[in-house]
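Heads up: the sequence lines are chains A and B, in that order.
Each residue of the first sequence is one higher than the one before, counting from 1 in this note's numbering.
Each residue of the second sequence is one higher than the one before, counting from 421 in this note's numbering.
There could be a bad hint or two in this list.
In silico lysine-lysine, DSSO-like type, Cα no more than 27 Å apart, as pairs [to be verified]:
no.: 1; chain 1: A; residue 1: K149; chain 2: A; residue 2: K161
no.: 2; chain 1: B; residue 1: K664; chain 2: A; residue 2: K226
no.: 3; chain 1: A; residue 1: K154; chain 2: B; residue 2: K565
Think of the hints as simulated: they come from the structure by calculation, not from any bench.
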Amino acid sequence: MRFKAYLRAMALGVATSAVMTLTVPAFADDLIMWERSGGNAGMVDRLIEMWNEKNPDRRIQLTYIPHAEMVAKLAQAIASGDVPDLMGLDLIYGPQFEAAGQLVDITDYFKDDPTLKTASPGHMMVATYDDRLYGVPLYADVSALFYNKDLFEKAGLDPDKPPTSLAEVRAYADKITALGGDVKGYFLPGSCAGCNIFTVGPLMWASGATIEPNADGEPLVGDGVKQVLQWARDMIKAGNVHDDARAENGETFHLRFGSGKVGMMGTGNFNITLARDQNPDMNFGIALLPGVEPGSAASFIGGDLVTIPKGSKRVDDAVDFMKFLLSDEVQVEGYAKLLNLTTRSDMTDNQYFEAEPLVQDVAKALSVGRTPYTLTFFEQINSPQGPWLQMLQRAYYTDDDLDEIIAGAQDQMKAIAAQE
Amino acid sequence: MYASRRARLTGLLYLAPALLFVLVFTAWPMVQMAWMSLHSWSIIEPPKWVGLANYLRAWNDRQFWTSLGFTLEYTAWITPVLIVTGYLLALLVVPNTPLRKLTRAVVFVPVVIGLGVSSLLWYWLFSYDFGLVNRALVDLGVVAKPVVWFGEDANRAMWAVITSIVWKVVGFGMLLFVAAMQSIPQEVNEAAMVDGASYWQRVRRITLPLTARTVLLVTLFSIIGSLLAFDQFYLMTAGQPFNKTATSVFWIYLNSFPYLKLGYGAALSLVLAVIILLMTVAQMALARKTHA
Chain A
1 MRFKAYLRAM
11 ALGVATSAVM
21 TLTVPAFADD
31 LIMWERSGGN
41 AGMVDRLIEM
51 WNEKNPDRRI
61 QLTYIPHAEM
71 VAKLAQAIAS
81 GDVPDLMGLD
91 LIYGPQFEAA
101 GQLVDITDYF
111 KDDPTLKTAS
121 PGHMMVATYD
131 DRLYGVPLYA
141 DVSALFYNKD
151 LFEKAGLDPD
161 KPPTSLAEVR
171 AYADKITALG
181 GDVKGYFLPG
191 SCAGCNIFTV
201 GPLMWASGAT
211 IEPNADGEPL
221 VGDGVKQVLQ
231 WARDMIKAGN
241 VHDDARAENG
251 ETFHLRFGSG
261 KVGMMGTGNF
271 NITLARDQNP
281 DMNFGIALLP
291 GVEPGSAASF
301 IGGDLVTIPK
311 GSKRVDDAVD
321 FMKFLLSDEV
331 QVEGYAKLLN
341 LTTRSDMTDN
351 QYFEAEPLVQ
361 DVAKALSVGR
371 TPYTLTFFEQ
381 INSPQGPWLQ
391 MLQRAYYTDD
401 DLDEIIAGAQ
411 DQMKAIAAQE
Chain B
421 MYASRRARLT
431 GLLYLAPALL
441 FVLVFTAWPM
451 VQMAWMSLHS
461 WSIIEPPKWV
471 GLANYLRAWN
481 DRQFWTSLGF
491 TLEYTAWITP
501 VLIVTGYLLA
511 LLVVPNTPLR
521 KLTRAVVFVP
531 VVIGLGVSSL
541 LWYWLFSYDF
551 GLVNRALVDL
561 GVVAKPVVWF
571 GEDANRAMWA
581 VITSIVWKVV
591 GFGMLLFVAA
601 MQSIPQEVNE
611 AAMVDGASYW
621 QRVRRITLPL
631 TARTVLLVTL
641 FSIIGSLLAF
651 DQFYLMTAGQ
661 PFNKTATSVF
671 WIYLNSFPYL
681 KLGYGAALSL
691 VLAVIILLMT
701 VAQMALARKT
711 HA
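Next comes chain B alone, as it looks inside the complex:
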């Protein structure tokens, strides 16, 4: 008993630094946020207790649900695009030849650029007057006159943003896929080749099943990242047209800071956090069931 308690204490001591970090930087802010969400809190005035009023308001806030709907739509489109593009790129560059290594590096470079910077870059690339995209489309005869990418059509704006984000983050997924593919023992593929399996048969029957966990991981990253999308829409669309491209986090930001409604922003954040948590749990459960 004594030994076991001692062992437990030792284990706890080893855990303590990480535990302390999580408590101070994750758990405590969450508790504070929950406390804030029960107040009318403008920062410049003393907070006032309002109970669950902020949650009730969130329930009736049409823009919040519109924003959540748009965020889910954006996530639903960008996630498969990122996974498929990343996976295909990984298949192309998985062998360690100099040219392929260079390609990997080139595709990965945008990952290390800040999201704000890349969003501004693409904002100007899509510019009606000065953008390279419009210039190329007009010169190639794809369109007769420049396209208004942002502010006219929500779908067009979303796809412009998706293009910029795929450019920005696809290298990350590709790299994880490459690592997963390279960890597949060479003999497995060789045996399949001896049995006469074609390239695509090997991809479907060997590579995909053996990299399924990485696919799940990248999907998870992509979903969570997309549900929390902010910078790209804040900088490129500003929520336009008609607030149709305002994401959930954008709406939370607006309420918390420019509108000085920190309590309401905290309530919206908690609602969003719970939604993301539920989706993640569901996704992991589904994945486990599939693998069982």
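The shape of chain A in the complex, shown without the other chains:
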């Protein structure tokens, strides 16, 4: 009797599994796409949904890979030959995979395509290798200076006049910090390499410096590097940054501005919706990240490319999806409708952006934005163990000589670039 009950339970289990398998079908005609997990998932989901509605005979099955595992997972897939048909790739890794010959060359497919002319220049730069094109923008993240207008007013500052130089940022931060309580004037993430290249890197660029190795192979060139490091050190010493910012490793970076306790901070367009959800009553504005000279500005253009890995059996369909992403309709009804940046600069005049001035403000950063181009971006800059973060930490939290700190980072970055 017990054995029969056991058999019945087993049969039920097998039947349930079969039914579940059937309810989530993966048809042979489906394209497989991988994308890294993160804050843009909602928008990518919508883009795929739009494609699937229009293309029921060649739907896309999307799988998210944890952000930190993406490169390793792709590398393993390439090594085993079991690649997806399409893959979203953090744009900074574009050059590495292009140089390794692991992406499909799509230059000829886009030869006469006019949409590329206005596609995000930062994306296009890293999607191009030896004058051949290997991807198109999937989405764009740009950094800008977010400021809390409520705190500006309380500190006696004009909420319609955001700072236009680092000296002004410092002066405004002093006044906001003087409000007391748990309020601080600025935010600098102490343990997050990626957050810093996104928000502190532009301060250096705007001050005339370069970070990644230039044409001569020299990284961290220009007085702007030292000036920004000195400025940041002084900001921290003056108490303008929360103590726990030192431990910020990126986990709660996106929640800092919405807390309402930070007067100003560099962050990205993704923070508009997040801050609104987190703190609906907070009144805030967006300006460009400034440099030393008044009126100077820069931004980091980040985001993802959509690429086709070598070995994909659906190259034509994958290219159609790329063209679909760049189409007028998707730019407006996909990206703009969800208040994400359009990946084409000629599509920013639309009804959705007109109704949301903050998106228009952050979109201005695209015109001063740039994306570092290096084959070893992660190791040099984005890694928590890399020379970029080490340099910043020593500048922020020690009294070591800044020239010595910069020289040490330059040596490490050059050594990494020289490795095979």
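Since the structure of chain A is already known, use the hints to place chain B on it.
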């Protein structure tokens, strides 16, 4: 002769499944790793033969030696803490009363939780803004304002990690110690009691010597586990501040996967494996000498 060969063959046949398992899943990967370590191997490009260049680079890699130094320091601190705490707990719960059995179970529960999960749990417990640890310390008046546990001071971060790991694994050592203590014949202790030995005299003169082999085993587990520490530091400190809490395995992982330098990662792994092997052999030799 024939019988002996036949016996040997029979023995080999019995051994074959285990031997095959070890060959396929341990020996062959080790050979592959050694082969990899002689190449520049990024996974996404064909490997290039570089001979011993990766080992030479390892020798000159300051971060690798810094990481190894930190790993050894972490091991040196956590091992005695684990052994002493586990042993004291075992002494407390060795008699089979219901309350003590319950205590054993409660202390053992964290052992079955994944290390990643427990590290995340403790990461948030130590959080500056939301952590229970800071809240308790401030409310009890131990500190005036919350403590930045990770990212400010390497020693503080290490001790926070040690706290989490002791919570996580001390139950394992305790259980082994309890088993060893329960296997000591009751008469030995009774005889000592009749002779007037106090509790601590019995612990020192009877329990400790008769459980020495288990102490050695737990020490060995603890040392090897600590030398291979990765998850807890990857999740809780990310190597910060200043890369001072990046362990050896963390550094190997970074090189092998995010940096796509599998060949170099393999060379570092082999160097670490040899160091651990030497330490284990030395420890066992020392233990044998002590027992001789």
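Exercise. Decide if the proposed pair is consistent with the structure: A:K149 and A:K161, CA atoms, cutoff 27 Å inclusive.
Key: Roughly 10 Å between the alpha carbons, so the hint for A:K149 and A:K161 holds.
Quiz item: Hey, B:K664 versus A:K226, does the alpha-carbon distance stay inside 27 Å?
Solution: Holds: B:K664 and A:K226 sit about 24 Å apart, inside 27 Å.
Quiz item: Does the structure keep A:K154 and B:K565 at a Cα separation of 27 Å or less?
Solution: This hinted pair holds, its Cα atoms lying about 26 Å apart.
In summary, this structure violates none of the numbered hints.
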